[in-house]
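There are 2 protein chains.
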Amino acid sequence: VRASMDQPAAASQVMGFPHLPPPHRDLMVDLLSTIEARLGPHLLPSVVPSDVLSFQGQGGASRGALDIRSGGQDSSVDFILESWLHCKVPSGSLNITTLFAFLKASTDAPHLLMEFIQGSPTSLILFMDLLPRKDLVLHPDYLDEFYQNTNVDKVRQELENVPQVLPYRSSSLYIRSVLSPTAVAVQINCGAEGESAMEEIMRVQLDSVAKEIMRIWLDKCARSIKQLGETERADLLRRDTLIKNKTVEIDLAANLPRLFGPDVANRVVEAIQKAYRI
Amino acid sequence: VRASMDQPAAASQVMGFPHLPPPHRDLMVDLLSTIEARLGPHLLPSVVPSDVLSFQGQGGASRGALDIRSGGQDSSVDFILESWLHCKVPSGSLNITTLFAFLKASTDAPHLLMEFIQGSPTSLILFMDLLPRKDLVLHPDYLDEFYQNTNVDKVRQELENVPQVLPYRSSSLYIRSVLSPTAVAVQINCGAEGESAMEEIMRVQLDSVAKEIMRIWLDKCARSIKQLGETERADLLRRDTLIKNKTVEIDLAANLPRLFGPDVANRVVEAIQKAYRI
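Same order as they appear, the protein sequences are chains A and B. Heads up: the first sequence begins at 29 in this note's numbering, then just goes up one per residue. Heads up: the second sequence begins at 29 in this note's numbering, then just goes up one per residue.
Source of the hints: derived by calculation from the structure; they are not laboratory data. Note that the structure is predicted; figures quoted are calculated from it, not measured. Hints are supplied without guarantee of correctness; some may be wrong.
Since the list gives no way to pick out one identical chain from another, each pair is judged satisfied if it fits inside one copy or across any two copies.
Here are the simulated lysine-lysine pairs, DSSO-like style, with alpha carbons at most 30 Å apart [to be verified]:
1) Lys254 <-> Lys132
2) Lys239 <-> Lys182
3) Lys302 <-> Lys132
4) Lys162 <-> Lys274
5) Lys239 <-> Lys274
6) Lys248 <-> Lys132
7) Lys116 <-> Lys302
All chains, full assembly: derive it from the sequences and hints.
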């Protein structure tokens, strides 16, 4: 896969995942490869500085990698963010992987969010969602188009039917508000059943559900083009900008300094804000 | 409590609850009495026809009562709907009690929804929420004012910490969208522990949580007055009207005919639509 005929693709700068448990790594590699195969040719090369593409906290106990690529002119993709964080914590290590695909206002189709927060080899919190770009209460047709008719809620149910899987609520009310009514927001606790139970769930059910959600997003959202009116477009951009601002504020500005120190945190947040154009 | 000095209050026409298990009845009587004490004096007498105030299906296996009273000129209440439905079902009897308090556009404060669906003496599905009147993603200040600062999520957590209580999702994606991120949407299953466990939960935890949510709504929402701009007010009314329309469509028009036959169902839905002005 090449970004253009002239240069090798900037793809997968975060793809190594040197610290992830193997099933978590395999899932992420599969997901990023799928995105890459479908959207990579329409993405511009990364302009993220090398000290954000890869970074670490003082002493090296915390490491991370983050890449953001913008969509080319012919793409409905605004940007794709891929990242991993790895931190030593008292209980072992914390591994967070994120895939965030944001669309332009050339469509009103939902964005894609996938985040896996593995606190130990036997516990995982995860969010997977098609993020709505409109108030669903005011736009039942939009709810039908992207959530009812795509059957994405059945996919969510499949995962929630696994006995070790429990609903999870973000502590942030804003993050809860941003999620759709079909969002996968769960915790998986394998406790005494141990690592092999978690590996099995990740390799079978989570793998299948994550890929199905990505397939729905790639087929129904990423390729969608819609002529929006002036006001509708302005409303959409205002809402998108708020989501960008608030998620950086809640998710990153609040947590990165603690894990990586203020200097690294600032550098990473600045690179994101630049790519987000906020 | 009187609607005016001239006539006895039309209050509590549904208050008998002849078919409810005692703890369910006690809770509803307490909740409706609290609403009555605080808002009754500012409500107009009911104009719901007597064959909707009390109705039954063919053969009398299904019975129901529904009252709606509008707020007077000096009240920020648009209307208050109180109802109960009782139906014989294969597993015994189904009892649904509803309290729905809708505010006018003289404020943008949330509406109140409380619904208890008791499918058997040992199982209950319940919804309790302050229904947002704005897109929370676009209005983080609104989220802070009515949901963050009121600590209503702590109240929800209290109930969800009870071991027999599990999160519950409405099968309707629209209903899920209408609920706030702090909505209580749970099922309580006491199974083998039997009726006494359910009675205990209803008399202790549910009682306390329901009353606290009602207190927050009465103190922070029902008394709220806010001067809204022309556009803001129009947006609010458009959203409120959609919520009224869709909830009647999803909740009542879909279920009442099955339980009460088409004639009774039509009569009840018409009375609601008239009071809702939709």
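Evaluation of the provided hints:
no.: 1; hint: Lys254 <-> Lys132; in the structure: within (11 Å within a copy, 35 Å between copies)
no.: 2; hint: Lys239 <-> Lys182; in the structure: within (14 Å within a copy, 35 Å between copies)
no.: 3; hint: Lys302 <-> Lys132; in the structure: within (16 Å within a copy, 43 Å between copies)
no.: 4; hint: Lys162 <-> Lys274; in the structure: both (16 Å within a copy, 17 Å between copies)
no.: 5; hint: Lys239 <-> Lys274; in the structure: within (27 Å within a copy, 33 Å between copies)
no.: 6; hint: Lys248 <-> Lys132; in the structure: within (15 Å within a copy, 39 Å between copies)
no.: 7; hint: Lys116 <-> Lys302; in the structure: within (29 Å within a copy, 62 Å between copies)
Violated hints are absent here; each numbered hint is respected by the structure.
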